[in-house]
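Novice: Given next are the chains, with one letter for each unit.
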Amino acid sequence: MAENGESSGPPRPSRGPAAAQGSAAAPAEPKIIKVTVKTPKEKEEFAVPENSSVQQFKEAISKRFKSQTDQLVLIFAGKILKDQDTLIQHGIHDGLTVHLVIKSQNRPQGQSTQPSNAAGTNTTSASTPRSNSTPISTNSNPFGLGSLGGLAGLSSLGLSSTNFSELQSQMQQQLMASPEMMIQIMENPFVQSMLSNPDLMRQLIMANPQMQQLIQRNPEISHLLNNPDIMRQTLEIARNPAMMQEMMRNQDLALSNLESIPGGYNALRRMYTDIQEPMLNAAQEQFGGNPFASVGSSSSSGEGTQPSRTENRDPLPNPWAPPPATQSSATTSTTTSTGSGSGNSSSNATGNTVAAANYVASIFSTPGMQSLLQQITENPQLIQNMLSAPYMRSMMQSLSQNPDLAQMQNPDTLSAMSNPRAMQALMQIQQGLQTLATEAPGLIPSFTPGPPGSTGSGGPTGPTVSSAAPSETTSPTSESGPNQQFIQQMVQALAGANAPQLPNPEVRFQQQLEQLNAMGFLNREANLQALIATGGDINAAIERLLGSQPS
Amino acid sequence: MAATTGSGVKVPRNFRLLEELEEGQKGVGDGTVSWGLEDDEDMTLTRWTGMIIGPPRTIYENRIYSLKIECGPKYPEAPPFVRFVTKINMNGVNSSNGVVDPRAISVLAKWENSYSIKVVLQELRRLMMSKENMKLPQPPEGQCYSN
Numbered sequence: 001m002a003e004n005g006e007s008s009g010p011p012r013p014s015r016g017p018a019a020a021q022g023s024a025a026a027p028a029e030p031k032i033i034k035v036t037v038k039t040p041k042e043k044e045e046f047a048v049p050e051n052s053s054v055q056q057f058k059e060a061i062s063k064r065f066k067s068q069t070d071q072l073v074l075i076f077a078g079k080i081l082k083d084q085d086t087l088i089q090h091g092i093h094d095g096l097t098v099h100l101v102i103k104s105q106n107r108p109q110g111q112s113t114q115p116s117n118a119a120g121t122n123t124t125s126a127s128t129p130r131s132n133s134t135p136i137s138t139n140s141n142p143f144g145l146g147s148l149g150g151l152a153g154l155s156s157l158g159l160s161s162t163n164f165s166e167l168q169s170q171m172q173q174q175l176m177a178s179p180e181m182m183i184q185i186m187e188n189p190f191v192q193s194m195l196s197n198p199d200l201m202r203q204l205i206m207a208n209p210q211m212q213q214l215i216q217r218n219p220e221i222s223h224l225l226n227n228p229d230i231m232r233q234t235l236e237i238a239r240n241p242a243m244m245q246e247m248m249r250n251q252d253l254a255l256s257n258l259e260s261i262p263g264g265y266n267a268l269r270r271m272y273t274d275i276q277e278p279m280l281n282a283a284q285e286q287f288g289g290n291p292f293a294s295v296g297s298s299s300s301s302g303e304g305t306q307p308s309r310t311e312n313r314d315p316l317p318n319p320w321a322p323p324p325a326t327q328s329s330a331t332t333s334t335t336t337s338t339g340s341g342s343g344n345s346s347s348n349a350t351g352n353t354v355a356a357a358n359y360v361a362s363i364f365s366t367p368g369m370q371s372l373l374q375q376i377t378e379n380p381q382l383i384q385n386m387l388s389a390p391y392m393r394s395m396m397q398s399l400s401q402n403p404d405l406a407q408m409q410n411p412d413t414l415s416a417m418s419n420p421r422a423m424q425a426l427m428q429i430q431q432g433l434q435t436l437a438t439e440a441p442g443l444i445p446s447f448t449p450g451p452p453g454s455t456g457s458g459g460p461t462g463p464t465v466s467s468a469a470p471s472e473t474t475s476p477t478s479e480s481g482p483n484q485q486f487i488q489q490m491v492q493a494l495a496g497a498n499a500p501q502l503p504n505p506e507v508r509f510q511q512q513l514e515q516l517n518a519m520g521f522l523n524r525e526a527n528l529q530a531l532i533a534t535g536g537d538i539n540a541a542i543e544r545l546l547g548s549q550p551s
Numbered sequence: 001m002a003a004t005t006g007s008g009v010k011v012p013r014n015f016r017l018l019e020e021l022e023e024g025q026k027g028v029g030d031g032t033v034s035w036g037l038e039d040d041e042d043m044t045l046t047r048w049t050g051m052i053i054g055p056p057r058t059i060y061e062n063r064i065y066s067l068k069i070e071c072g073p074k075y076p077e078a079p080p081f082v083r084f085v086t087k088i089n090m091n092g093v094n095s096s097n098g099v100v101d102p103r104a105i106s107v108l109a110k111w112e113n114s115y116s117i118k119v120v121l122q123e124l125r126r127l128m129m130s131k132e133n134m135k136l137p138q139p140p141e142g143q144c145y146s147n
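Each protein sequence line maps, in turn, to chains A and B.
Counting from 1, position 487 in the first sequence corresponds to residue 487 in UniProt numbering; the numbering is continuous, with no gaps.
Counting from 1, position 141 in the second sequence corresponds to residue 141 in UniProt numbering; the numbering is continuous, with no gaps.
Just chain A, with the same shape it has in the complex (with noise of 0.2 Å):
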């Protein structure tokens, strides 16, 4: 009956092996007895007067394990030990096992407080009663997650990380991965709220030591930040996804524009790697890029935010516009004389629309702009942090103020552009302005672009100096006169870009409109519209006439 604690004895604790556990029959003293305590990591002994109570216990087992007593829970034979109850009570005797459980403070299950951060869960339940959190608390989130840091409280729903670093990390390559995933995220109403509160972005941008790191970098990056209507535009767009990839593409083809200009694309391949690298760096740290991406974009939102939400399947915007403005002004590094040098040469804007036409089409010849291009399709990333560049910034600021895109994002324009009897017709238009400009120069008022070319793809756009711009440029989606600004932009195109290099179309054409003539086609006119249609090639000309005729 004596057994000492070797348990195969009765099972009623309370009754046998209690009085049996001291040598002696005195059950009044306190026995110290040798408990194990086992975490799921570690197991330690201790040695504890058996009437101690749990209070007691759990006492000498925080010192030994270095926490709280309330973080601890103990456990024997499937139940918690209360506070207030001793040992006996549960039957625990030498040489028993009772294991510990310690909660840490941390506790990132969407239960508690800051970590959770739910400001922005797209999802459910346990985070939504702290989604009431408001934005604010993202401030103090000392992870700095940035833009997104409300779907921190994703974790406890759709992550397996309950770590919070690791949450963040797993977070990005889940978001840079999943562009879906990212488009909902944006549309979550949360998200959108805080991402329009300018002040709380820049907070949020801000708080973050690489974002800080670049600024000190790249000055005029926290320029953009100070700037609350840059931030305002920049946010909107970054709500919009579509509106985003939208203004990627624009910078991605204003980009390669620099193409065309003779050591463009050596300056652009410097500027890349002095700017792209540190970027990158920061912007794989930081959560997605998406601040930057949005920053970089911001300035040319001013023409990003006015059109609609439609893809813009124009090829490309004016190669001429922008790299003047930028080049001189943009690069923090390595300016180059031929950045320089090409910016004063594009700055001599008049006269350049057909040039423009033909870099347009040599542009994407260009095996070094292909490559740039497969490059850029493969790593989204890329794009991102290409836009981020502070040289971007400045050269979307030329592009926002380029009229010629805001009108190129015109619906309208956009449909009639691809229609190819539009087309056609634009371009007959455009010869019977061309004569008009001509024959009667005195009807042109001005010189602007407009956004068919002169003989050209009807991609480029002329060059900037405008006086009449300004009125067209304010309502590129003014449902009143998309026709009326056609008209008159073209005018001034073809009057500013057909005057230095078709002095004169009738002379040029002196000898086919005489040919013209000689076989019968006496409609002086329609003649010469042919010629200048088929750029004064005779047969085409006839064929033109002939087929005109019957219409």
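In case anyone wonders, no lab produced these hints; they're calculated from the structure.
Note that the structure is a prediction, hence the values are computed from the model and not measured.
The beta-carbon is built from N, C-alpha and C at its ideal position, and this holds for glycine as well.
Heads up, some of the hints might be wrong.
To be verified - So, partial list: chain B residues that the calculated Cβ filter (under 7 Å) puts toward chain A:
{"#": "1", "residue": "Gly-29"}
{"#": "2", "residue": "Thr-44"}
{"#": "3", "residue": "Thr-46"}
{"#": "4", "residue": "Thr-49"}
{"#": "5", "residue": "Ile-53"}
{"#": "6", "residue": "Ile-64"}
What the hints assert, rightly or not - Listed below are the simulated DSS-like cross-link pairs for lysine-lysine, each with C-alpha atoms no more than 30 Å apart in a straight line:
{"#": "7", "chain 1": "A", "residue 1": "Lys-41", "chain 2": "B", "residue 2": "Lys-118"}
{"#": "8", "chain 1": "A", "residue 1": "Lys-103", "chain 2": "B", "residue 2": "Lys-26"}
{"#": "9", "chain 1": "B", "residue 1": "Lys-110", "chain 2": "A", "residue 2": "Lys-103"}
{"#": "10", "chain 1": "B", "residue 1": "Lys-110", "chain 2": "A", "residue 2": "Lys-79"}
{"#": "11", "chain 1": "A", "residue 1": "Lys-66", "chain 2": "B", "residue 2": "Lys-26"}
{"#": "12", "chain 1": "B", "residue 1": "Lys-10", "chain 2": "A", "residue 2": "Lys-41"}
{"#": "13", "chain 1": "B", "residue 1": "Lys-131", "chain 2": "A", "residue 2": "Lys-82"}
{"#": "14", "chain 1": "B", "residue 1": "Lys-135", "chain 2": "B", "residue 2": "Lys-110"}
{"#": "15", "chain 1": "B", "residue 1": "Lys-118", "chain 2": "A", "residue 2": "Lys-43"}
{"#": "16", "chain 1": "B", "residue 1": "Lys-135", "chain 2": "A", "residue 2": "Lys-79"}
{"#": "17", "chain 1": "A", "residue 1": "Lys-63", "chain 2": "A", "residue 2": "Lys-43"}
{"#": "18", "chain 1": "A", "residue 1": "Lys-79", "chain 2": "A", "residue 2": "Lys-34"}
{"#": "19", "chain 1": "A", "residue 1": "Lys-41", "chain 2": "A", "residue 2": "Lys-63"}
{"#": "20", "chain 1": "B", "residue 1": "Lys-118", "chain 2": "B", "residue 2": "Lys-26"}
{"#": "21", "chain 1": "B", "residue 1": "Lys-68", "chain 2": "A", "residue 2": "Lys-41"}
{"#": "22", "chain 1": "A", "residue 1": "Lys-31", "chain 2": "B", "residue 2": "Lys-10"}
{"#": "23", "chain 1": "B", "residue 1": "Lys-26", "chain 2": "A", "residue 2": "Lys-31"}
{"#": "24", "chain 1": "A", "residue 1": "Lys-82", "chain 2": "B", "residue 2": "Lys-87"}
{"#": "25", "chain 1": "A", "residue 1": "Lys-66", "chain 2": "A", "residue 2": "Lys-82"}
{"#": "26", "chain 1": "B", "residue 1": "Lys-74", "chain 2": "B", "residue 2": "Lys-10"}
{"#": "27", "chain 1": "B", "residue 1": "Lys-131", "chain 2": "B", "residue 2": "Lys-118"}
{"#": "28", "chain 1": "B", "residue 1": "Lys-87", "chain 2": "B", "residue 2": "Lys-68"}
{"#": "29", "chain 1": "A", "residue 1": "Lys-103", "chain 2": "B", "residue 2": "Lys-74"}
{"#": "30", "chain 1": "A", "residue 1": "Lys-41", "chain 2": "B", "residue 2": "Lys-26"}
{"#": "31", "chain 1": "B", "residue 1": "Lys-26", "chain 2": "A", "residue 2": "Lys-63"}
{"#": "32", "chain 1": "A", "residue 1": "Lys-66", "chain 2": "A", "residue 2": "Lys-79"}
{"#": "33", "chain 1": "A", "residue 1": "Lys-79", "chain 2": "B", "residue 2": "Lys-68"}
{"#": "34", "chain 1": "A", "residue 1": "Lys-41", "chain 2": "B", "residue 2": "Lys-135"}
{"#": "35", "chain 1": "B", "residue 1": "Lys-26", "chain 2": "A", "residue 2": "Lys-79"}
{"#": "36", "chain 1": "B", "residue 1": "Lys-74", "chain 2": "B", "residue 2": "Lys-87"}
As the list claims (entries may be wrong) - Ranges between beta-carbon positions, derived for each pair:
{"#": "37", "chain 1": "B", "residue 1": "Glu-141", "chain 2": "A", "residue 2": "Glu-59", "range": "18 to 28 Å"}
{"#": "38", "chain 1": "B", "residue 1": "Lys-135", "chain 2": "A", "residue 2": "Gln-424", "range": "34 to 44 Å"}
{"#": "39", "chain 1": "B", "residue 1": "Glu-141", "chain 2": "A", "residue 2": "Arg-249", "range": "47 to 57 Å"}
{"#": "40", "chain 1": "B", "residue 1": "Pro-139", "chain 2": "A", "residue 2": "Glu-220", "range": "32 to 42 Å"}
Take the given structure of chain A and dock chain B to it, following the hints.
Specialist: Below, chain B without anything else, positioned relative to chain A:
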């Protein structure tokens, strides 16, 4: 006394349960589950309580789940009845009363008499770590089923 069950030897119920009690008190295993008699005076060794510590890196992390286990008279030939006391959202557990569905949990569905309470608890814990369960949203901590 018949600590190991040979293939043909049928260990009497009480012996088995005593053995399990001892194991529970000694903390056999990795310390993530615990079990013991609900009432130390229970001579029939029927009602047991169990405890599962939520596995890390799951939604159950840092939570302690309490269970009630009932070993019927046919134990260990028949599986025990298992019920969660702490509210939990998990496949195979009835969300209104915490009863573990014996058909949904493999060790209960295909019970062998070599299984034990420890095995059941450990299996439930393992299921908490499965993909289908590890992210299920959970009720706030500390809630229990009413019955």
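Novice: Next, verify each hint and record whether it holds.
Specialist: Structure-based check of all given hints:
Below 7 Å, beta-carbon pairs count as interface contacts, and Gly-29(B) has none with chain A, the closest being about 9 Å; its hint is therefore violated. Taking 7 Å as the C-beta cut-off, the interface hint given for Thr-44(B) is violated, the closest approach to chain A being about 11 Å. The beta carbon of Thr-46(B) comes no nearer than 13 Å to any beta carbon in chain A, farther than 7 Å, and the hint placing it at the interface is violated. Against a cut-off of 7 Å between C-beta atoms, the interface hint on Thr-49(B) holds, since the closest Cβ of chain A lies about 4 Å away.
This hint holds: Ile-53(B) has a C-beta 5 Å from the nearest C-beta of chain A, less than the 7 Å allowed. Taken as an interface hint, Ile-64(B) checks out: its beta carbon lies about 6 Å from the nearest beta carbon of chain A, inside 7 Å. Pair hint Lys-41(A) plus Lys-118(B) holds up; C-alpha atoms about 19 Å apart against a cutoff of 30 Å. Our distance criterion of 30 Å between C-alpha atoms is met by Lys-103(A) and Lys-26(B), whose separation comes to about 23 Å.
Only pairs whose Cα atoms come within 30 Å are accepted, and Lys-110(B) paired with Lys-103(A) is rejected, the gap being roughly 35 Å. Annotation: proposed proximity of Lys-110(B) to Lys-79(A) holds, straight-line Cα distance about 28 Å (limit 30 Å). At roughly 24 Å between alpha-carbon atoms, Lys-66(A) and Lys-26(B) fall within 30 Å of each other, so this suggested pair holds. The straight-line distance between the Cα atoms of Lys-10(B) and Lys-41(A) is roughly 36 Å, outside the 30 Å bound, and the hint therefore fails.
Using a Cα cut-off of 30 Å, the hinted pair Lys-131(B) and Lys-82(A) is violated, with the two alpha carbons roughly 34 Å apart. Under the criterion of a C-alpha separation no larger than 30 Å, the hint pairing Lys-135(B) with Lys-110(B) is consistent with the structure, at around 26 Å. Proposed proximity of Lys-118(B) and Lys-43(A) is supported: the alpha carbons are some 19 Å apart, at most 30 Å. A hinted pair counts as satisfied when its Cα atoms are at most 30 Å apart, and Lys-135(B) with Lys-79(A) qualifies at roughly 26 Å.
At roughly 14 Å between alpha-carbon atoms, Lys-63(A) and Lys-43(A) fall within 30 Å of each other, so this suggested pair holds. For the hint linking Lys-79(A) to Lys-34(A), the alpha-carbon distance of about 19 Å falls within 30 Å, and the restraint holds. Distance restraint check for Lys-41(A) and Lys-63(A): the Cα-Cα separation of roughly 17 Å lies within the 30 Å cut-off, and the hinted pair is therefore satisfied. Taking the CA atoms of Lys-118(B) and Lys-26(B), the gap is about 12 Å. The hint holds against a cut of 30 Å.
With a CA separation close to 26 Å, the supplied pair Lys-68(B) and Lys-41(A) stays within the 30 Å bound. Pair hint Lys-31(A) plus Lys-10(B) does not hold up; C-alpha atoms about 39 Å apart against a cutoff of 30 Å. Using a Cα cut-off of 30 Å, the hinted pair Lys-26(B) and Lys-31(A) holds, with the two alpha carbons roughly 19 Å apart. In summary, the hint linking Lys-82(A) to Lys-87(B) is supported, as the alpha carbons are separated by about 20 Å, within the 30 Å threshold.
At most 30 Å may separate the alpha-carbon atoms for a hinted pair to count; Lys-66(A) and Lys-82(A) meet this at roughly 20 Å. At most 30 Å may separate the alpha-carbon atoms for a hinted pair to count; Lys-74(B) and Lys-10(B) meet this at roughly 12 Å. Using a Cα cut-off of 30 Å, the hinted pair Lys-131(B) and Lys-118(B) holds, with the two alpha carbons roughly 22 Å apart. Of the supplied pair hints, the one linking Lys-87(B) and Lys-68(B) holds, its CA atoms being roughly 12 Å apart against a limit of 30 Å.
Restraint check for Lys-103(A) and Lys-74(B): the C-alpha separation of about 39 Å exceeds 30 Å, so the hint is violated. Taken as a hint, the Lys-41(A) and Lys-26(B) pair is honoured in the structure, with Cα atoms around 17 Å apart against an allowance of 30 Å. At roughly 23 Å between alpha-carbon atoms, Lys-26(B) and Lys-63(A) fall within 30 Å of each other, so this suggested pair holds. Among the hinted pairs, Lys-66(A) with Lys-79(A) is consistent with the structure: their alpha-carbon atoms are about 23 Å apart, no more than 30 Å.
For the proposed pair Lys-79(A) and Lys-68(B), the alpha carbon gap of about 10 Å is at most 30 Å, so the pair holds. The straight-line distance between the Cα atoms of Lys-41(A) and Lys-135(B) is roughly 23 Å, inside the 30 Å bound, and the hint therefore holds. For the hint pairing Lys-26(B) with Lys-79(A), the CA-to-CA distance comes to about 14 Å; that is within 30 Å, so the pair holds. For the hint pairing Lys-74(B) with Lys-87(B), the CA-to-CA distance comes to about 28 Å; that is within 30 Å, so the pair holds.
Take Glu-141(B) and Glu-59(A): their Cβ atoms lie about 24 Å apart, and the range 18 to 28 Å holds. The supplied range of 34 to 44 Å is broken by Lys-135(B) and Gln-424(A), whose beta-carbon atoms lie about 59 Å from each other. Range check, Glu-141(B) to Arg-249(A): about 49 Å between beta-carbon atoms, so the 47 to 57 Å window is met. The supplied range of 32 to 42 Å is broken by Pro-139(B) and Glu-220(A), whose beta-carbon atoms lie about 50 Å from each other.
Of the numbered hints listed earlier, those contradicted by the structure are 1, 2, 3, 9, 12, 13, 22, 29, 38 and 40.
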